[in-house]
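**Student:** Work the whole structure out from these sequences, hints included.
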Amino acid sequence: MMKSLLVIGVSASLVTGLGWTRPQPGDSKEKKPIVVGFAQEGAESAWRTAETKSIKDEAQKRGVTLKFSDAQEKQPEQIRAVRDFVRQKVDAIILAPKVETGWDVVLAEAKAAGIPVILVDRGVTVKDDGLYATLIASDFVEEGRVAAQWLAKETKGKANIVELQGTTGSAPAEQRKKGFADELAKHPEMKIIKSQSGDFSRAKGKQVMEAFLKSERGNINAVYAHNDDMALGAIQAIEEAGLKPGKDILIVSIDGVKAAFEAMVAGKLNATVECNPLLGPAAFDAIEKVLAHQTVPKYIKSEDRLYEQKDAAAAIGGRKY
Amino acid sequence: MVANEMLSRGADPESRRPPRRARSAAWPLLCLIVILALNCLLTPHFASIQVRDGRLYGSLIDILRNGSVVMLLAVGMTVVIATAGIDLSVGSVMALAGTAGALALVRHSGGGVWEAAGSALVIAALSGLLAGLLVVRLKLQPIIATLALLVVDRGIAMVISGGEKVRFESIPFEAVFHGSVLGLPSALVLAALVGAGVWMVLRFTVAGVWVEAVGGNAQAARTCGVPVGSVRTGAYILAGLCAGLAGLTACAEIKEADPAAMGMYLELDAIIAVVIGGTSLTGGRPMLLGSLIGAVLMQSLTITMQMHDVPTEQSLIVKAAVAVVVCVLQAGRLRLVPAPRKPTGATG
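The listed protein sequences correspond, in order, to chains A and B.
Residue 14 in my numbering sits at position 14 of the first sequence; the count goes up by one each step and never skips.
Residue 98 in my numbering sits at position 98 of the second sequence; the count goes up by one each step and never skips.
One should not assume that every hint holds.
What the hints assert, rightly or not - Take a look, some chain B residues computed to stay more than 10 Å from chain A by CB distance: (1) Pro44; (2) Gly163; (3) Val189; (4) Ala218; (5) Arg222; (6) Cys224; (7) Ala260; (8) Ser280; (9) Lys319.
Stated by the list, open to error - Estimated spans, in silico, between C-beta atoms of each pair: (10) B:Val189 to A:Asp70: 51 to 61 Å; (11) A:Ala313 to B:Leu133: 31 to 41 Å; (12) A:Val99 to B:Val181: 39 to 49 Å; (13) B:Gln50 to A:Gln72: 44 to 54 Å.
Unchecked claim - Here are some chain B residues pointing at chain A (derived, C-beta under 7 Å): (14) Ser59; (15) Ile61; (16) Asp309.
Calculated directly from the structure, the hints in this document are not laboratory data.
In this text, a Cβ means the ideal position worked out from N, Cα and C, and glycines have one as well.
**Tutor:** This is how it looks when you write it as structure tokens:
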């Protein structure tokens with residue numbers, strides 16, 4: 001009984017399977033599927049898992065065979081993964097580098113084997129930038145600038161702002177600070193009255209905001225946080241001080257994580273500039289162009305946009321991270 | 001010689017005071033008073049305390065509330081260091097216990113205070129027990145054993161949470177760990193109760209004598225019948241429990257457990273608090289009150305820098321400088337005239 005059911009099942013799937021794969025006219029010169037190796041650096045944050053998922057999903061959608069390696073935040077592991085991909089003669093490699101330096105040798109090996117390398121979300125410092133095809137990443141300076149533009153519009157160019165910086169010395173913190181300051185230079189009546197590091201964490205963001213609220217009592221119009229987590233901490237500090245976040249004090253931050261959208265729906269966060277981890281489509285667009293011998297720019301800016309409270313409710317369902 | 005040391009180190013409570021200049025909480029306390037006094041003069045509204053929603057509100061309260069996590073860690077750390085050990089794992093234990101507690105809260109939506117606190121503290125105590133066994137049974141150096149746990153505990157926290165932050169809503173949990181008692185932040189009350197409890201145990205039971213004896217000279221203590229292994233293991237379990245409580249208060253404050261960031265580098269803050277509080281890193285007498293004052297001192301420095309907008313890079317230097325100065329004063333080594341050479345005895 002079981003056996004006959006199995007036979008029916010198998011033959012049925014064979015029939016349908018054949019039906020699906022029957023070659024269409026004109027399809028015959030279609031090559032075997034592209035094989036792409038993806039050397040991810042780790043899975044330390046929701047942002048990064050969203051990035052991984054985006055690339056995996058996009059590969060599946062386009063019928064690309066994806067070989068995936070998670071280096072667990074170790075560069076030597078990641079170098080070994082790239083080397084394995086070269087040995088397996090993949091068609092292209094996507095690399096999300098753990099750090100910026102130390103890539104010359106392995107990228108030269110890939111180049112010698114004629115395999116293009118697409119960098120995602122972080123650049124590398126190499127002697128010869130011909131070693132990689134393109135870099136797809138967010139522009140942190142631009143994110144800071146967009147946040148400042150929104151704040152200038154909202155406050156009609158007049159505000160006392162406190163800034164919650166990310167981890168001192170990290171690239172996103174430095175560049176988000178710079179972009180914001182650059183834009184603010186155009187508005188003489190917008191001032192950063194206090195700026196301290198909250199280490200990108202909610203707990204630190206809250207503590208720093210508590211100190212600001214006391215030393216600048218009644219003087220703060222707006223908060224600019226280098227990431228959503230610190231903004232969420234600041235929101236709690238403002239509430240505990242008996243004020244209304246989003247009304248008494250405007251808050252703008254960067255990243256666009258799901259919790260930030262929830263805070264916007266609740267009216268507590270005013271705006272967030274998305275730092276998009278969904279780089280899959282752009283990465284495979286670039287790969288297809290490179291493999292077709294078309295030129296691609298050395299730097300492709302990923303699409304980051306600002307979300308306001310009025311967009312939040314509509315956008316929240318689609319947030320993947 | 002050995003018996004001599006035991007006597008002077010604390011076998012007889014009446015002669016516990018060492019012959020040299022006693023370390024005391026006086027220096028960190030003086031330093032704290034100076035910082036607070038300067039703030040009262042220079043920082044607007046610094047000393048003002050208001051009542052908002054039945055809680056006290058003001059910078060002084062912030063210092064005590066935000067300092068209470070390190071105060072809790074410092075209580076356990078004091079006892080471990082007094083036994084001539086060290087516990088680098090407390091920050092990771094915070095993350096592990098806090099995450100476990102938060103996951104329990106998510107399972108019992110809306111309530112689950114007991115389940116959360118219970119699971120967090122059991123896990124924290126187990127981690128402390130493991131540290132103790134590694135040190136006592138496997139004879140690993142404390143710095144190595146607890147460094148291993150520093151890595152492992154945060155790893156487990158990441159695994160059980162799937163690497164993501166655990167958010168929760170539990171009004172009773174927040175009332176216990178982020179509420180107020182007579183207007184005071186409950187985290188502070190908790191730290192004070194734990195500190196007072198441990199102080200009384202050290203002062204009024206044989207445990208205090210044992211801890212000091214093990215830290216002074218473990219060999220001598222063993223000869224005198226002190227259960228050295230159990231004392232050490234007990235110290236690590238206490239440090240684990242304190243870290244567990246610290247983890248619960250830290251995640252109650254932000255209604256979220258962040259396994260990647262929670263408690264990061266706080267083991268260093270706790271060690272600094274203990275050292276400027278007067279407990280010697282080579283073991284000996286636990287200076288619990290000094291450690292608590294040390295924790296409050298470092299937190300007031302942090303808040304002072306934030307209120308005066310000192311750039312982070314510079315504020316770290318200032319904090320380090322203050323810590324070094326207090327330690328030097330504490331050790332009594334800052335002498336303008338060289339002290340006459342004394343023959344070094346067992347207690348020197």
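**Student:** Among the hints numbered above, which are violated by the structure, and what are their numbers in rising order?
**Tutor:** Hints 1, 2, 7, 10, 11 and 15 not satisfied by this model.
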